[in-house]
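Colleague: Each chain, written out:
Protein chains: 2
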Amino acid sequence: MSIIDDLVTSLTDAVGAAIVVTDPDITAGYRQDWARDPNAGTPLAVVRATSTADVRAVMLWATEHSVPVVPRGAGSGLSGGATAVDGGIVLTTEAMRAVTVDPVTRTAVVQPGLLNVEVKAAAAEHGLWYPPDPSSFEMCSIGGNAATNAGGLCCVKYGVTTDYILGLEVVLADGTVVNLGGPRLKDSAGLSLTKLFVGSEGVLGIITEVTLRLIPAQPPASTVVATFTRLSDATDAILAITRSLRPAMLEFMDSTSINAVEDAMKMGLDRTAAAMLIARSDSPGAHRTEETETMAAACTAAGADEVFVTDDPDEGEAFAAARRFAIPAVERTGSLLLEDVGVPLPALADLVQGIAKIADARGVVVAVIAHAGDGNTHPLIVFDPEDADMEERAHQAFGEIMTLAISLGGTITGEHGVGRLKKAWLPDQVGEDVMELTRRIKHALDPAGILNPGAVL
Amino acid sequence: MSIIDDLVTSLTDAVGAAIVVTDPDITAGYRQDWARDPNAGTPLAVVRATSTADVRAVMLWATEHSVPVVPRGAGSGLSGGATAVDGGIVLTTEAMRAVTVDPVTRTAVVQPGLLNVEVKAAAAEHGLWYPPDPSSFEMCSIGGNAATNAGGLCCVKYGVTTDYILGLEVVLADGTVVNLGGPRLKDSAGLSLTKLFVGSEGVLGIITEVTLRLIPAQPPASTVVATFTRLSDATDAILAITRSLRPAMLEFMDSTSINAVEDAMKMGLDRTAAAMLIARSDSPGAHRTEETETMAAACTAAGADEVFVTDDPDEGEAFAAARRFAIPAVERTGSLLLEDVGVPLPALADLVQGIAKIADARGVVVAVIAHAGDGNTHPLIVFDPEDADMEERAHQAFGEIMTLAISLGGTITGEHGVGRLKKAWLPDQVGEDVMELTRRIKHALDPAGILNPGAVL
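Protein chains in written order, with this note's numbering: chain A, 330 to 786; chain B, 330 to 786.
Check before you lean on any hint, since a few could be wrong.
It does not matter which identical chain is used: a pair holds within one copy or between any two.
Unchecked claim - Simulated pairs of lysine to any residue, SDA-like, Cα-Cα distance not exceeding 25 Å: (1) LYS771 <-> THR392; (2) LYS449 <-> ARG575; (3) LYS771 <-> VAL506; (4) LYS771 <-> ASP562.
Worth flagging that the hints you see were computed from the coordinates, not collected in a lab.
Could you build all of it, start to finish, from the sequences and the hints given here?
Modeller: Structure (structure tokens):
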């Protein structure tokens, strides 16, 4: 037997044959997440964990044999955080799907494989709401959401994933299972380890259970849609809105993304607009009308061509769905490099204008959509994968946009995580001292470096 | 010269004589925080930092000379987190008081010595609000709030300190200054180091600047006050309220604390009541009336003797002030051991009843006040400091109440921190594996153990 066969046999012995997959036709589907990292490795095996005990068994075995483990949720990550490494294990939690909601403490205890949309549904059965809403909410898992500190559209008012995580069960590199936090709104006992694991992208431990804070169901929302001939009028309107109130959603689409969505969905969007804003208020009662009026007036004052207000939830949701569909719609026009840069709000106009300059200079199309209310943008760099020169220019633009965001006091990733695709830029953002601090913590928790090697660090 | 004189001379040379205090009459005031730890040591010197550079200079010097450093904010801590250690430095940040508010990004950049009430005032100048409101908000500092992940009365709806911290500047044990996070609502770049330092009680680094998220000013609030003959009716009412809505405040006082406050303030509280609840709604417009009606009805249905509703902010605030005054009021009746135990809400009645049993068994008075809406209680154990036997029984009750909270799935500290007074119980709550994880992180960041030794760990 080869060394590889020996390893697989020992893995099967350790964790049980039922959850070990080595069929290359199947494991091939676990080499990449949605970032489609071309440098993805070929894993030794995929393990489909069904329980915390399975995850623990994998880590005990991996520590003994010094085999790297790449944890994976739904595989919808956009930064290559779940890219397989050669000779490693891909440990998928997709089969761990239990959920229990306690309406009295307003918490949910969830296994990592449950999809975000399923968590929302379980909460809704009790009249409760789990707010974070990545655009991929129908296909991303809560484990991945926790591991990347995922965001979404409502975060401008309701915060991001970490704001809703009260407790975690985590399996450490050496197989130790730790329970952190719990169903308590307040807990100052010991270090904030729960929060340390949120957004740690699998490099410190594997999240096997999440205790989530839930809030009362979102009240009905009204939606404001505004189109602008000039991009700078739209960014002016964004600042005017956030200065006067806290919208429940404030999304931005540029001309390229408007047209890509209109091509795909034929919903009558204004193809001539330079930018479109979609804003929401979900304040109770008459206050909602006040807020939509304020937002509509801010758009008009900033020079909007057309401003439309609807109290019909379905009509409003159609526009949010159009915004969410922008990434797949733009992807129909070519391959994508997907950015996630964010800046403090006053720098948003500079960022959007700077991106346009980079696109011009590199001769590539960059569609821009944004969670505008919190300064988090998703420039989508489009390239023809058959055109090597264009692909190279697209990659240059990818780096330049991150460098631009950093120069504006921003971040290379607002909600997707660093993964493997953005790690070269992380030191530029946080500085060498913070990288050293990061390495010290990584080394303290995973001295052999077997947890998701190559991600973040 | 003695070794001590040599050390002080070298400290003065390193950080400047202007900020080094060795006058024993002054340093005596820095030996203890409000926990009044009888085992407090005598520091070598107190350093009054005026800048991050001062803090850095102290840590460089302390690392070189292996001298322990106890960071201190306003000294209002209740767990002995800032108790001086023999031969160490007490590093106070009380003179670092700068604040800048940016209304566009809705953030404030604040030095650690500014008081919570001053942060609120600076935000209010721009129509903004910093929610966390420890009862000590007029005398506690934002640095201490960050270091303990402080809570307060409004946290039941608005969350705790960590939910408002977007960025930190921290000086590490070796004098390295790191900048973590920043004025961005979303940032998934690298490990969540900002959140790790929140609640770390000075054992990982010294917080020298905080970037806070602010929100629009709180709308006017209405207040519901209800008194109950039976304690269990009050806890029933708490569950009924939190099951149906999210109050902006939901406070509890027992008979002992009601009477202590009434003795001090003569405001006409019902001395015969077994319990009093003070609840608030700050929802906009008509929704507020709906919520106060729902809360009042829940109290009546649970068996309240009297239910009083007021839309007058001053009148409502008088009751909140009465609740805040409970600790000093009870303290007039004897020395206090102050608990901060929290439990998941359904266990609140068991906790309160269990505390009464412990008080009976130990023959001590335990007054109970609580941030009832989030299950965080402050049992106040009263003893006569001249009565050594009673003091011993009070200490036994102190431990037994924490053990009770742990047995109910709760925490030994909801918002005050572990400090030195509660650290013996921390392993019982979090388990040995989490303690080991905690030690690994502590060792990675402070290998010589000079940062606040004896606190938490």
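Colleague: Against this structure, judge whether each hint is valid.
Modeller: The hints, checked one at a time:
no.	hint	verdict
1	LYS771 <-> THR392	both (15 Å within a copy, 23 Å between copies)
2	LYS449 <-> ARG575	both (23 Å within a copy, 18 Å between copies)
3	LYS771 <-> VAL506	both (17 Å within a copy, 19 Å between copies)
4	LYS771 <-> ASP562	neither (45 Å within a copy, 50 Å between copies)
Violation of the numbered hints given earlier is confined to hint 4; every other hint is satisfied by the structure.
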